[in-house]
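Read top to bottom, the protein sequences are chains A and B.
Quick note on numbering that gives the first Met the number 0: the first sequence kicks off at 0 and runs consecutively.
Quick note on numbering that gives the first Met the number 0: the second sequence kicks off at 0 and runs consecutively.
The reader is advised that the hints may include incorrect statements.
Copies of the same chain look alike in the list, so a pair counts if it fits in one copy or across any two.
Claimed, not checked - PhoX-like, lysine-lysine: derived pairs with alpha carbons at most 25 Å apart:
1) K75 / K86
2) K58 / K39
3) K79 / K91
No lab work stands behind these hints, which were simulated from the structure alone.
Number of protein chains: 2
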Amino acid sequence: MSNVELDQLRKQVDEMNLQLLDIINKRAELVQEIGRVKEKQGVNRYEPVRERAMLDLLKEHNNGPFLNSTIEHIFKEVFKAGLELQKDDHRKALLV
Amino acid sequence: MSNVELDQLRKQVDEMNLQLLDIINKRAELVQEIGRVKEKQGVNRYEPVRERAMLDLLKEHNNGPFLNSTIEHIFKEVFKAGLELQKDDHRKALLV
């Protein structure tokens, strides 16, 4: 296979990276909205049961090539980042 | 806002999780293909310059709410998982 074909594969990876970026940020906006709702209701932001349910759904739908353990690892980082975003929003709200 | 609306937001998050799962695994298949091409060409799997270029493109397109540092952190985990997959394929190829 020539480098032209390698470049084409890489171009496809770049496109997928941008799709992931888009969905990750849209997901983050939803998580911020959920944070605001919970804030009003006085509910805890971090809910391990909900996190477990999300991971179970993902593992149920995972057809690879990534192993469930890898999927779990990556998504836990996404969840953690979302929680940090909610905490930042909370801090900013306190400063208003 | 009622819990019905909270449930709807969560349903949307679940849908986005599944979209992310789908793209992450499709990306992983491409990365495996790239690994096979590099193997044939005798090129190194890990290329820091290529990783840097991917991150730069992502940061260029990042409109938040996640900060560039968070996007970089999440994607580095995705890259690392892809590299591990290539290494596993290599090990399996040696055993054939």
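Going through the hints against the structure:
1. When the C-alpha separation of K75 and K86 is checked against a cutoff of 25 Å, the pair qualifies both within a copy, at 16 Å, and between copies, at 23 Å.
2. Taking the shortest alpha-carbon separations for K58 and K39, neither the intra-copy value of 32 Å nor the inter-copy value of 33 Å comes in at or below 25 Å.
3. Within a single copy, K79 and K91 get their C-alpha atoms as close as 19 Å, which meets the 25 Å cut-off; across copies the closest is 33 Å, which misses it.
In summary, the one numbered hint that this structure violates is 2.
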